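J.: Residues per chain are reported as follows:
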Amino acid sequence: MKLDTTPRLTDPDAVFAMLVEAHRGLDAEASRRLDAKLVLLLANHIGDMQVLRSAIALASGKP
Amino acid sequence: MVVVGGGLVGLTLALDLARHGVEVTLLDEDDSVASGSRAICFAKRTLEIMGRLGLGERFAQKGITWQTGRVFHRDREAYAFDLLPEAGHEYPAFVNLQQYYAEHWLVEACREAGVELRWKHRVTVVEPCAEAVRLTVETPDGPYGLTAEWLLACDGARSQIRESLALPFTGQVFRDRFLIADVVIKADVAFPTERWFWFDPPFHPDQSVLLHKQPDDVWRIDFQLGWDADPEEEKRPERVTARVRAMLGPDIPFALEWVSVYTFRCRLLERFRHGRVIFAGDSAHQVSPFGARGGNSGVQDAENLAWKLAFVLQGRAPEALLDSYDTERVAAAEENILHSTRSTDFITPKSEAARAYRDAVLELAAAQAFARPLVNSGRLSRPAIYAASALNTPDHGAWPGGVPPGAPAPDAPVMQQGRPSWLLRHLGDGFRLLVFGPPATLPPGGLPSGLVPIFITPEETEGALWDHSGLAATRFAAPRGGAVLLRPDQHIAARFAMPDPAAIRAALDRAMAKDAA
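Protein sequence lines correspond, in order, to chains A and B. Once you know that position 50 of the first sequence is 50 in the working numbering, the rest is easy, because the numbers rise by one and skip nothing. Once you know that position 447 of the second sequence is 1447 in the working numbering, the rest is easy, because the numbers rise by one and skip nothing.
Okay, chain A solo, but in the shape it has when bound:
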């Protein structure tokens, strides 16, 4: 499967707000752990090594 980078979110502002809201009141360490949990949950949901590899490469600025 190929990483889909087309706009797919029907309510992007709500998604952004949801992410920011989840971090409210957390210190840097707790925030980092929350992000890590989110990444792990979503990685498992995607379950495709190739998609994950492309996403990591893209996020790291080396597509």
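Don't read these hints as lab results, they were simulated from the structure. Note that the structure is predicted; figures quoted are calculated from it, not measured. Careful, some of the hints might be misleading.
Claimed, not checked - Below 30 Å or equal to it, Euclidean Cα-Cα: the simulated BS3-like pairs (lysine-lysine) are:
| no. | chain 1 | residue 1 | chain 2 | residue 2 |
| --- | --- | --- | --- | --- |
| 1 | B | Lys1186 | B | Lys1350 |
| 2 | B | Lys1120 | B | Lys1235 |
| 3 | A | Lys62 | B | Lys1062 |
| 4 | B | Lys1235 | B | Lys1350 |
| 5 | B | Lys1062 | B | Lys1120 |
| 6 | B | Lys1350 | A | Lys37 |
Position chain B against the provided structure of chain A, taking the given hints into account.
T.: Positioned in the frame of chain A, the structure of chain B alone reads:
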């Protein structure tokens, strides 16, 4: 044939060679077997190898059998795993046993097999020549010279032979220290015979702890200390006692048996064979202890090498066969190092981000099944599969799955003349053709000399092992009348859906590197 190093690997190699009819001299700088328990987890494949060498029952009887691992995070269980979820194997996933027992039995077996054991003989000079290796050996009665046709360096992580040849031994150093406390506890303790691993437990905050049971009421406790710990200070009995007391509680009496503080590296020789000098075990590769991959992989090195050397020495196979030791066991070592490094990176996170991911996995694991396989407290030793080996022959005819070529033969319960037995017990030390059919399946005189057939049938048949549970055929995925060529180390070399003498001969030649000569 000279083996240097009378540890687990050197002794196994010497014994296996002697059983193949090779004259072996073993030199060791010490005069006794290992002090302290050292390697304690003997994996199923090692037990099967010891079974072939005639020592399997001793391991199984004396050792503590276990197959379940439990991982705790703080005060909760995060994950449990079963290493051998199926029945029908002679040996369990693991037994725990002090290394000195194993070495004692191997020394006895080596003596009986005619290995010449020379204790307190230390190799000081190594001079490789074209067809031999010249050695200078230091003894309490003075030095002497020795010429070895082949030199087998099983002299451990600090190998003197590797140093003498100035071979680069490269890899990663891990900035962490661990304390081993082997303690004798006579009282009843609440721990079952399982591998227990804690991340950040209340009794040892921010670090990991590993607990294993050994025979003779000995428990192995492995405390992570961190890089800044002072090794000398940490070894003081009062200090160790306080750590153990914090773990066991105030009411359980115990005695310290062996204490050691260690760091570790993952290192690898680029090649294990250097002309007439061949490395096996820790002298060739080093891993972290998490996963029990050190001793177990060393024993597999020994068994991979022994038959090949014997065949080359006896003129039954060309020297090219030894190159397959290099490719098969270097690949196995790389796999071990990969697993070992990943475990270590999980246990000792090297950055804030790594720590966040590690803790996220552990926190999720208690409630989320998906996170449990991500918990890495050591991926425990499994036998290497030589899938890419040049000794393998592609399947002859369609073979529907099962254990693939390059893998060790799986065990299965069988009946022999009305008595229960195990398939692997019948394989012995040479090339074997497992035939899934009655003796009439093969035309008489159809097999190359030196290849012994073993017949397995789903009904009771004269001259065959009875696969009464069907597990043998299932594990090999063997079609009726199919055959499997096994190497002397019991790894699968070829599979024939419709056995044909020419194809069998070609596969046997290939498994001895004859086509490469």
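J.: For every hint, state whether the structure bears it out.
T.: Consistency of the hints with the structure:
no.	hint	result
1	Lys1186(B) with Lys1350(B)	39 Å, violated
2	Lys1120(B) with Lys1235(B)	28 Å, holds
3	Lys62(A) with Lys1062(B)	55 Å, violated
4	Lys1235(B) with Lys1350(B)	25 Å, holds
5	Lys1062(B) with Lys1120(B)	29 Å, holds
6	Lys1350(B) with Lys37(A)	18 Å, holds
Of the numbered hints given earlier, the model fails hints 1, 3; all others are met.
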